[in-house]
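> For the record, the sequence lines run as chains H and X.
Letter by letter, the first sequence follows residues 44 to 203 in our numbering.
Letter by letter, the second sequence follows residues 7 to 666 in our numbering.
Bear in mind the hints are in silico, worked out from the structure with no lab data behind them.
As the structure is a computational prediction, the values presented were derived from the model and not from experiment.
Don't be surprised by glycine CBs; every beta carbon is placed ideally from N, CA and C.
Treat the hints with care, since some could be wrong.
Short, incomplete list of chain X residues facing chain H, as computed with Cβ under 10 Å [as the list claims (entries may be wrong)]:
| no. | residue |
| --- | --- |
| 1 | L359 |
| 2 | M383 |
| 3 | L398 |
| 4 | T399 |
| 5 | T521 |
| 6 | W522 |
| 7 | Q537 |
| 8 | A539 |
| 9 | G540 |
| 10 | D542 |
| 11 | D546 |
| 12 | G607 |
| 13 | A611 |
For each label pair, taking beta carbons as the anchor points, the in silico distance ranges come out as [said to hold, decoys possible]:
| no. | chain 1 | residue 1 | chain 2 | residue 2 | range |
| --- | --- | --- | --- | --- | --- |
| 14 | X | E476 | H | A75 | 44 to 52 Å |
| 15 | X | R597 | H | A173 | 50 to 58 Å |
| 16 | H | E114 | X | M383 | 31 to 39 Å |
| 17 | H | S72 | X | G329 | 23 to 31 Å |
The chain contents come next:
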Amino acid sequence: MRRMMAAFALLTLLAWPAAHAVQPDEIMSDPAKEARARELSRELRCMVCQNQSIDDSDAPLARDLRLLVRERIGAGDSNSQVLDFLVARYGEFVLLKPRFERQTLVLWLLGPLLLIGGGLTLWLQIRRRAQSGADVPAPPLTPDEQARLAALMSDEAKSR
Amino acid sequence: MIAESGHYALVLALGLALIQSIVPLIGARLRDAALMNVARSTALAQLLFVGASFVALVMLHVNSDFSVANVYENSHSMKPLLYKITGVWGNHEGSMLLWVSILALFGGLVAAFGNNLPLSLRAHVLAVQAWVASAFYLFILVTSNPFLRIANPPIEGRDLNPVLQDIGLAVHPPMLYLGYVGFSISFSFAIAALMEGRIDAAWARWVRPWTLVAWIFLTLGIAMGSYWAYYELGWGGWWFWDPVENASLMPWLSGTALLHSALVMEKRNALKVWTILLSILTFSLSLLGTFLVRSGVITSVHAFATDPTRGVFILLILCLFIGGSLSLFAGRATSLKQGGLFAPISREGALVLNNLLLTVACAVVLFGTLYPLAMEMLADFKMSVGAPFYNLTFAPLFVLLLLAVPFGPMLAWKRGDLLGVTQRLLAAGVTGLVAVAIVWGWARGGSALAPLAIGLGVFVIAGAVTDIVERTGLVRLPFATVLHRARGLPRSAWGTAFAHAGLGVALIGIVCETTWNSEHIATMKQNDVAQIAGFDVKLDGLLQRQGPNFREMIAQFNVSRDGETLSVMTPSKRSFTTRGSSTTEAALLTRGASQLYISLGDANAEGAIAVRIYYKPMVLMIWWGPVLMAFGGVLSLSDRRLRVGAPKPARAKQRLQPAE
């Protein structure tokens, strides 16, 4: 994924190929299969690009992968069979949506756990505080602030 | 000479920053007003010198002085003047110089307009600001000097990456940096408060406008970057969950949370510790973003390992500031007294919920960005985290947030009446449901969730409208009274309504674009007609043209609907000879909020050309949303409450009057 890299004016030395992902000659004749291929393409990473799906990328490798996906679909593979096939060849790196397994447990569970844990903690804390103690008074003014306040008050009195 | 002067000015700025880092703090310890006031002069002088240094670099680029490495690497004598100037921040060294210039600008603004701040608070804030500045001046001078000369100057430069030669990119980085770096002010205020051990509602009132300014720029900066990617990169994508985008989204999320928690602190003197922590985290995320983008660690862990000087330097700065500020926080936070009790169901409670959801969303993005790096380094396990992951984890959090948004501003402070608010939002809810029904009946294809999401967007907008209707008494009161009340309504109330409505608008745009986007990919010859979404797009012909530093191939398309010609669209493909690379300039035809989008691929020998045509319904709403949000921010910024106590207009007027 190089687009926003540029936005931050980053890898300016990298050549920037004109973006053209799916080429007219790649499209499958069966629209249903083509739709499946597109859907899968969006979940697969072009390994030589930065975080770019093969659906977006115009690198030669991405094209090869797109054709490979279409070939597998044409051969009658289910979506998960296609993904398995690619993972077996290129490793987990090819999946933009990591699988739910030991190494990615923390990644997937972080959001829900934080939300539930944080929500419960906050709820209990707010309720406990609301039921118990009285309001803590605001800290007293410093001498500086008292002087300023007096000055402001006298200003106001004068302007009236 | 110019290069050396610029370099020297930067060294002087470092000297000033070092003085500003120490002297005001000694002054604060000794309660010496003169020493504390040093901060003011040094901050202004720093701005002057960094400004001079920046202007020097701009001049070098404008003059195409190729004896300077930075100019040689990134400029070309034939480049249009505008891009010679914007090319200054189109590279690492220049953009870091822009970063410190903006940091100095904010420091200068605090120095110039901070007259109403207590003297010791201002001294502390400016000193902290100078710590950050010193670290980054050192970084530039040691690892990324933009004024480096080349021993044997070449005749011609290597030109700027063509995709960066675009007006969108001219404005995007400065905007983004104004946002990123703007959060340094709330950071400095937070550290100053911790050092002084004193924090109150007044503190929040001083911090809020600065945070708001930074947030407005960041919002616009992100939106602009997204629109740039949409039209410049040629396949109509507008958000990619790229680590670099995430780097800007994270400070936005926590900055948005900060805006809301500072509100609670200002009004109700509650959530102090949390607000301080958010101030620290928001700027830390800005620093993290700078590290991710500048160190090259995203490109690959190995790229980082082969040339680690810059990366390690920023990593050190990062550890120093994040670690230092968090330990200061851990040591001092308990001494801050919590005030302002409230029931769970209350305006405060709603804002806490907002903070919880935004923080969790931010954590999800943070983990998604860093997890693959960590896994590769620690477990040698290569994995990717991309858009499909975030769609599953981030989107639900935002759905929850949007469901809650209309309730927040309508709940009372301290103890709210959820049932009552639900009744008052009934009309908004019904409007949302009607929208769901209409979209359900009208739409063909696409996810079943899409109508629901659009209904949610409509609910958020209707909720914002309801809030204003209730406050002004529209419907129940005579019109004149309503007008009077509308005028008397605090601008911040209008700001809230606009910003919240902007969320709904953006959501509707996002859902429409992703669900009903149609595309047509084909190889077209002259006089071929493509049909898409009811439009007939005919290729009239191809022509070649010579630009200032590129050659372009322009395709002319005639767009018609039901036989009636609407417009001629001319997408093009530019080849830049110096870098041997090319860009696609997509052609856009706007119809209401929707756009027809044509971009070109490669031409083949027989004169046929690969063409991608998209019809993107309601796509512009994606960016109208953030613009509305930023507009809401500006309204809120102009609120009387935030202007009061700022430079006193009455006294200024007196000064202008001649002596009588």
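> Could you check if T521 (chain X) really has its C-beta closer than 10 Å to a C-beta on chain H?
violated (14 Å)
> Given A611 (chain X) was flagged as interface, is its beta-carbon under 10 Å from a beta-carbon of chain H?
Check failed: Cβ of A611 (chain X) comes no nearer than 15 Å to chain H, outside 10 Å.
> Taking the beta carbons of S72 (chain H) and G329 (chain X), is their distance inside 23 to 31 Å?
About 59 Å separates the Cβ atoms of S72 (chain H) and G329 (chain X), which means 23 to 31 Å is violated.
> Mind checking the CB of D542 (chain X) against every CB in chain H and telling me if the closest is under 10 Å?
violated (19 Å)
> Could you say whether the range 50 to 58 Å given as a hint is met by the Cβ separation of R597 (chain X) and A173 (chain H)?
holds (53 Å)
> Answer holds if the nearest beta-carbon of chain H is closer than 10 Å to that of L398 (chain X); otherwise answer violated.
OK, holds: L398 (chain X) within 10 Å of chain H, min 7 Å.
> For the hint 44 to 52 Å, verify it against the beta carbon of E476 (chain X) and that of A75 (chain H).
Holds, at about 50 Å.
> Does A539 (chain X) hold up as a contact with chain H if the rule is Cβ-Cβ below 10 Å?
violated (16 Å)
> Should the hint that G607 (chain X) touches chain H count as held when the rule is a Cβ pair under 10 Å?
Cβ of G607 (chain X) sits 4 Å from chain H, so the hint holds.
> Measuring from the C-beta of W522 (chain X) to each C-beta in chain H, is the shortest one below 10 Å?
violated (14 Å)
> Grab the minimum C-beta distance from L359 (chain X) to chain H and call the hint holds if it beats 10 Å, violated otherwise.
Holds: closest Cβ of chain H sits about 8 Å from L359 (chain X), inside 10 Å.
> Tell me if the interface restraint on M383 (chain X) is satisfied: Cβ within less than 10 Å of some Cβ in chain H.
violated (13 Å)
Hints 2, 5, 6, 7, 8, 9, 10, 11, 13, 17 from the earlier list are contradicted by this structure; the remaining hints agree with it.
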